[in-house]
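Peer 1: Using the hints, position chain B against chain A.
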Amino acid sequence: MIPEALTQDPIVAALADVATTAKFEFNELTVEIEPSKIVEAVGRVKRQLGFERLTSVTGVDRFPAEPRFEVVYHLQSIAGKKRLRLKARVSGEIDSVTAIYSGADWYERETFDLFGIRFLNHPDLRRIMMPEEWEGHPLRKDYPITGTRY
Amino acid sequence: MVTETGNITAETAVKGTRTMVLNMGPQHPSTHGVLRLLLELDGETLLKAIPDIGFLHTGIEKEFEVKTYQQGVTLTDRIDYLAPLSNNLTYCLAAEKLLGLEIPEHAQWMRVMLTELTRLNSNLVWLATHAIDIGAMSVFLYCFREREEILRIFEMFSGQRMMTSYFRIGGLALPAPRGWQKRVKDFVDIFPERIDQYENLLTNNNIWIGRTKGVGYISLEDMLDLGVTGPMLRAAGLKIDARKDSPYSSYEKFDFEVPTRTENDVYARYLLRVEEMRQSTRIIRQALEGMPSGSHQADAPGIVVPDREKMKTQMESLIYHFKIVTEGFRVPEGEVYQAVESPRGEVGCYMVSDGTQKPFRVHWRGPSFGNLQCTSKLIEGTLIADVIAALGSMDFVLGDTDR
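Residue numbers (the numbering used here), protein chains in the order written: chain A, 1 to 150; chain B, 1001 to 1403.
Here chain B stands alone, though its shape is the one from the complex:
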């Protein structure tokens, strides 16, 4: 963390101009969490920006090492709290790769459907808060209306609205609840119309265009060099999406487009994410209509907790249950890296196993951490009002950055 503004003031003294150093955050509403920015201003023009992170560091990577593999799932929700299921998926896929587990189709499709609902959830929160930062209050209320419906669906599946931990190593935590089809169908039927509503409020709105068009430009080369991923790159014209490039959890069976734009500004990132919401709705509809039947968990005794009914009649099941709950399961030695396309970009899990019941090391490559590195390049030289718009367009979550 930066405790002094030494670098900034020394440089200013040489130049001999009168500039002001402004501290923005960590409690500034437009930083969506606890990001601190040191801004050096000449009038309203931003000369230098130093991002300062770490206020939300909770040692999650250390904590993985003292929890069994299955317990670790609950930690992943709390990393990127706006896309908990994308994180669950990354972690589970990494562990399943090490274990060599085959997941039944039904569970894979269910995972795809819920991950896409998570993407909608996250993009809705992004749109709502991004709009309110720029001054469009009403969009916030509309977005949260739909988000509420998604959270109710999550609650129906897992009993939890946000920290669902619904994906487990080996499949899903619970079988799908009765009546889920109707609930999801009702949502998918109404949602495209709702996206039109948001677009009505913003896309041709003069104030919105004035605040976002041509703002927050950064070249594609710089972004690649700085490790930016996800919608930021796609808004600059690069078609990069882990769902297409290295399909996981049977994404290859779904028909969807990866939208790209070329303008590479805040407005383009807005249009892109709106289009992504439409594509996610398409995926959810396909998953809903073609959902294969089958088990929600892999047939892997010793890893997956046995059925409650079987435990009452079969001794083996009872023993497995006891062993899984008390000491966990052993994972073969090795190391894997699993990348998943989260709403913010590439979330990666580097998992090292030493053959015991607890991971030897889990490194979490959060998309927000990579994306935030371009902050200085993105906002230096712009006006202070544009800083808010540009930061919002990055869509970062500080829990994901600091872990």
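The shape of chain A in the complex, shown without the other chains:
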């Protein structure tokens, strides 16, 4: 549910049909998006709302909650001097936004590498930080902090 105070916000209003909730904290706007609608939402943010730049894509592991991952998108509108955070709660798969912002390529690869979140329709989903034969995804909360592997 989108809180009453935010329904008038132009960004939230434009995303109202694909958003599940929104919040405005620390002077930053966060809109949570239905995971299956993420490409639609990001596309609208770029074309309708004029956010020229995708700053980064990353993940947060909320283990053991279900669905366990949050995929977090930061966007910036240079002309409007605004920043926006989009979020989607997924259990391991989400559509890639590389078709909208090519810059999402490496960020999605990084998120795939370190969290194991699969980005569907990504042109080249390979590990980027860890060696290709590496097992596991280091930034998951159930990944050990110390160990014997090197």
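No lab work stands behind these hints: they were computed from the structure. There could be a bad hint or two in this list.
To be verified - Cross-link-like lysine-lysine pairs, in silico, DSBU-like; alpha carbons within 35 Å at most:
id: 1; chain 1: A; residue 1: LYS82; chain 2: A; residue 2: LYS37
id: 2; chain 1: A; residue 1: LYS82; chain 2: B; residue 2: LYS1253
id: 3; chain 1: A; residue 1: LYS46; chain 2: B; residue 2: LYS1062
id: 4; chain 1: B; residue 1: LYS1323; chain 2: A; residue 2: LYS23
id: 5; chain 1: A; residue 1: LYS82; chain 2: B; residue 2: LYS1182
id: 6; chain 1: A; residue 1: LYS23; chain 2: B; residue 2: LYS1097
id: 7; chain 1: B; residue 1: LYS1048; chain 2: B; residue 2: LYS1310
id: 8; chain 1: B; residue 1: LYS1310; chain 2: A; residue 2: LYS37
id: 9; chain 1: B; residue 1: LYS1067; chain 2: A; residue 2: LYS81
id: 10; chain 1: B; residue 1: LYS1244; chain 2: A; residue 2: LYS46
id: 11; chain 1: B; residue 1: LYS1239; chain 2: A; residue 2: LYS46
id: 12; chain 1: A; residue 1: LYS141; chain 2: B; residue 2: LYS1323
id: 13; chain 1: B; residue 1: LYS1253; chain 2: A; residue 2: LYS81
id: 14; chain 1: B; residue 1: LYS1182; chain 2: A; residue 2: LYS81
id: 15; chain 1: A; residue 1: LYS46; chain 2: B; residue 2: LYS1097
id: 16; chain 1: A; residue 1: LYS23; chain 2: B; residue 2: LYS1244
id: 17; chain 1: B; residue 1: LYS1239; chain 2: A; residue 2: LYS23
id: 18; chain 1: B; residue 1: LYS1182; chain 2: B; residue 2: LYS1244
id: 19; chain 1: B; residue 1: LYS1358; chain 2: A; residue 2: LYS81
id: 20; chain 1: B; residue 1: LYS1067; chain 2: A; residue 2: LYS141
id: 21; chain 1: A; residue 1: LYS81; chain 2: A; residue 2: LYS46
id: 22; chain 1: B; residue 1: LYS1244; chain 2: A; residue 2: LYS82
id: 23; chain 1: A; residue 1: LYS81; chain 2: B; residue 2: LYS1097
id: 24; chain 1: A; residue 1: LYS82; chain 2: B; residue 2: LYS1097
id: 25; chain 1: B; residue 1: LYS1377; chain 2: A; residue 2: LYS82
id: 26; chain 1: B; residue 1: LYS1310; chain 2: B; residue 2: LYS1097
Peer 2: Below, chain B without anything else, positioned relative to chain A:
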């Protein structure tokens, strides 16, 4: 990491031409660290380039999660080792936003001054190594002479030349040392003259112009699409600078210009960064002359380590000290994104707190990572000699890319 050249050779077979695949790096001097490039060449012309990163991945984002907030500051130095204080600042501002801390003016101005010195330091290393890549040896020696002076200033403030960790959550690690004004003033007085010296060596140098003018062009639309930030965008005519767009640490009180160029080539990026050095010198001079007096740390017991003298006489201070050192401080639940203009572009810190003493998640948006994504677009179709010049003009740090 790419272990095969599968994509490249398959495409070549279809075209039926004889091309060569060249592996550049990860130990190539002009990649300034450990960047590996797979280059497919037809004669001297570059047909395809695949950048390969990750050789310097040290799991810093994971390590943030097991350190207390204050301990995390030391990790940020090591991300972009040429601009440690810009990174300290980003991290501290993010944590301070979550804590709702008000930083005294003196500390804010000191942060601005030292961050700008960091920018000079970083740009000097960039100019030195960029010039040496292209063959101008002497510039390297001159740049490192001034950089040495900046590192001495850092050492004077923090006891460390590079990994300073001088900014802490709540202010600065130590009060400013005695005699810092003279040291910084001497430097600011001499530095503009030194910039002229570098320009004398390069700006009208025919060889330099020949190697850099018209080289490394990439359209502004492509750069925005690929997530490039900082001087690369400004050299293409876009006035984007976090110091002006969303001022932090009282940057709004300083009078400086954001230089832009429109040529969008290696030469323009060189001129732009040189101009940025002049602007940074202006900011440092203003900070030096108008430095407000006051405390170097916020008045926030329980977060800022108390004064040593007070600890000897006041029980509360002793308790706070014990608690901060042994278990750290709790940060209210929430998430913030803090962007700071580093010498390379936008460095961002996305910090998620779950209300404990350790960050739940810290994501580091390094400018080099975003900038490196445009490598293929930037150098494909050019000559191999231009690859060196174009890579140098991007000014990336691999520690920042791989984290």
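Peer 1: Are the hints correct? Go through all of them and say.
Peer 2: Results of checking the hints against the structure:
no.	hint	result
1	LYS82(A) <-> LYS37(A)	22 Å, holds
2	LYS82(A) <-> LYS1253(B)	21 Å, holds
3	LYS46(A) <-> LYS1062(B)	31 Å, holds
4	LYS1323(B) <-> LYS23(A)	33 Å, holds
5	LYS82(A) <-> LYS1182(B)	40 Å, violated
6	LYS23(A) <-> LYS1097(B)	16 Å, holds
7	LYS1048(B) <-> LYS1310(B)	64 Å, violated
8	LYS1310(B) <-> LYS37(A)	57 Å, violated
9	LYS1067(B) <-> LYS81(A)	33 Å, holds
10	LYS1244(B) <-> LYS46(A)	23 Å, holds
11	LYS1239(B) <-> LYS46(A)	20 Å, holds
12	LYS141(A) <-> LYS1323(B)	27 Å, holds
13	LYS1253(B) <-> LYS81(A)	19 Å, holds
14	LYS1182(B) <-> LYS81(A)	39 Å, violated
15	LYS46(A) <-> LYS1097(B)	28 Å, holds
16	LYS23(A) <-> LYS1244(B)	26 Å, holds
17	LYS1239(B) <-> LYS23(A)	30 Å, holds
18	LYS1182(B) <-> LYS1244(B)	29 Å, holds
19	LYS1358(B) <-> LYS81(A)	31 Å, holds
20	LYS1067(B) <-> LYS141(A)	15 Å, holds
21	LYS81(A) <-> LYS46(A)	14 Å, holds
22	LYS1244(B) <-> LYS82(A)	13 Å, holds
23	LYS81(A) <-> LYS1097(B)	19 Å, holds
24	LYS82(A) <-> LYS1097(B)	17 Å, holds
25	LYS1377(B) <-> LYS82(A)	28 Å, holds
26	LYS1310(B) <-> LYS1097(B)	27 Å, holds
Violated hints, listed in ascending order, are 5, 7, 8 and 14; each of the other numbered hints is respected by the structure.
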